[in-house]
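Residue numbers (my numbering), protein chains in the order written: chain L, 1 to 411; chain U, 1 to 255.
Heads up, some of the hints might be wrong.
Unchecked claim - Computed beta-carbon distance windows for the label pairs:
1. U/GLU250 - L/SER121: 23 to 31 Å
2. U/ALA127 - L/ASP166: 46 to 54 Å
3. U/GLN25 - L/THR81: 40 to 48 Å
What the hints assert, rightly or not - A partial selection of chain U residues facing chain L, derived with a Cβ cut-off under 10 Å:
4. TYR7
5. PHE12
6. LYS95
Hints listed in this document are in silico derivations from the structure and should not be mistaken for laboratory results. Backbone N, C-alpha and C fix where the C-beta goes; we use that ideal spot for every residue, glycine too.
As a plain string of letters, each chain reads:
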Amino acid sequence: MPAIRAERLSKMFRVGNRGRGMLREALTARLRGPPARSSELWVLRDLSLQIEAGHVVGLVGKNGAGKSTLLKILSRITAPTSGVVKLRGKVTSLLEVGTGFHEELTGRENVYLSGCILGMSKRLIDRAFDSIVAFSGVEAFLDTPLKRYSSGMRLRLGFAVAAHLDGEILLVDEVLAVGDGEFQRKCLTAMQDLQRRGRTVLLVSHNLAAIESLCSRVIWLDAGQARADGPTHDVLSEYAKSFSGGGGTAADLSALTQRTGSGAIRFDRFDLLDADGFTPMTAVRLGGSFAMRLHFTSRVSMQGLIFGVTFHSPLGSVVAQTHTFNAGQEVTVVPGRSYLDVQIRDFNLMPGRYVLSLYAAHLGDIYHDSLEQCLDLDVLPTARYGQLRGMDGSIVALDSDWGEPIASEAP
Amino acid sequence: MSAIWEYRELFFFLALRDVKIKYRQAVLGVAWAAIQPLVTMVLFAWLFSQRMNPEAGSQDSKVFYLSALVPWLYFSGAVSGASNSLVGNADMLRKVYFPRLVLPGAAALASLVDLGVGLAVLLVFIAVFGSLSLKLLLWIPLVILLFVASLSVGAFLAAINARYRDVKHTVPFLLQIWLFLSPVIYPITAIPEQFRFFVALNPMVGILGAFRATAIPTSTVDLPSLLVSIGSTVVLGGFALLYFLRTEVELADVI
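Bound-form chain L, shown alone (with noise of 0.2 Å):
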């Protein structure tokens, strides 16, 4: 019996003034007519799918691919423009971690009020209380009103009270991308509990590691549909296909159309070379030294411009930039076709696979072109490693000498 059924879903918005504006709008609007400016877009279009009871499923897709709208649809946040739901078992929905988290309520009050939103019974809070304290390690604020808490301790807390919900069905939105290190692996663990204990969970998340490590199933939205659906490992492959540009590091951009920006200077090309600027390069070493050639081909002479590139994580987080902003320097172009480069010296990312942004931008967020996660880079291991070695899920690299035990003290 599936826990999650959906059968041709819809989802359709007017984009323009409508039902945003003021009383007398809808008011005249009679008299003028139908809107001439609102055009519709569609998020979700005839999207069907079946997740069976005790099932781990992810969902991806691109930003607007409509998994947000999905879950909002499943957890009757929002109502489908054609289409029905049917869903086996209580619904709870983590779309965001501290759902109505009030800032003038204490600590304690917050857990409450949280958890009761999100839709624990009071009577589970009180059980769970001392648990979701422990897990949030914020006991000795506990009767501090919220405002004066730091972001890292609001978001802590709002993850213990999400750790601690319970439902047949579990709806969650990209609440692994959010935190360090230590707070993602809490996050892992609740979840796999969550599995063991066989609920049904739709995972929304660009940490496709978390995914991989969680999901038995992948669901690929794109544009409002499904892409694929499938076994992790092949949608994800297929997936992670879709947005490396190629899969080199000397990448022709011009066909990429996942980009944002006035579009006033698109990026055309991008080369991996070696330091003297010659020599093309297919990945770049620890501790070496490499440049980067951003081609791109500018409509308008302007200046001020902020170049940079941008190093994630395979888990989509950021890990390190570089721009001119940073250099002090501010670039000016002129109309046509021209490349900037970037040296960068003493590499010292972990081996491994890295993935690069690109955007020129005015300060302000004024982006005249911006590719999101575009290129792969692979970090190579230097000779300092043996085989195998430099691979511990580390990002940064420390240049570190240990020196021989030494005793300090007879026995």
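Use these hints to put chain U onto chain L, whose structure you have.
The following block gives chain U in isolation, referenced to the frame of chain L:
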């Protein structure tokens, strides 16, 4: 309705939150719930008693004003709180499902604390300046009626406010006009008998009139106007509930 029962704990937790927030970081705390009607009463008694309202002057003007002001201030507070309850909790609406009626309901419930304090003050005044009688037992059904009327108006406005923020700007005026259309500064007997039926379509006419009648020993409840007001409250409540439930499903999208 059964869904509301299932979410009763949430209903109480949200009401509790509203009460706590309202008086937190205020030195006088919940005493404000007593100060507000008292100050207004003194103001009204001083402004209107002798000049405008000889009839009121013949009775005890303090009890006269306070007995209508306490329920009126509840209505006014609950309606403005409830009408803002959806927009004020928009983040929550977008992130989690629960019957949306819980929000205006909790706002109206939270204001009952103020009403309780106000009624306690009124009780003291009745004891000192008038006399306590069994008529005061009428407060129980009257408070329920007042709650239903306030919630109906508040929930209806909240649903419109979710889409059209004009409501937020209209509510203060609406309440001001409503105050003058209700027997707060004048007695219900000031309304000519032949019009009383129509005037009592305003639920507050019957409710405030009855509250006042219980507080003043010499007066009796004007039953026809109370019955009309009960009827109009039921109709209003039904209409508001239907409208609210119809707009509820699209709330997260339009708010």
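Inset, instruction - Using Cβ atoms only, decide whether U/TYR7 comes closer than 10 Å to chain L, and label the hint accordingly. - result: 9 Å, holds
Legend entry - Whether the CB-CB distance between U/GLU250 and L/SER121 falls inside 23 to 31 Å: Between U/GLU250 and L/SER121, where Cβ atoms are some 29 Å apart, the hint holds.
Inset, instruction - Mind checking the hinted window 40 to 48 Å against the Cβ distance between U/GLN25 and L/THR81? - result: Distance hint for U/GLN25, L/THR81 holds at roughly 45 Å.
Inset, instruction - Return the status of the interface hint for U/PHE12: holds when the least beta-carbon distance to chain L is below 10 Å, violated otherwise. - result: 9 Å, holds
Legend entry - Status of the hint placing U/LYS95 at chain L (closest C-beta pair under 10 Å): 5 Å, holds
Legend entry - Whether the CB-CB distance between U/ALA127 and L/ASP166 falls inside 46 to 54 Å: 52 Å, holds
Hint compliance for this structure: no hint is broken.
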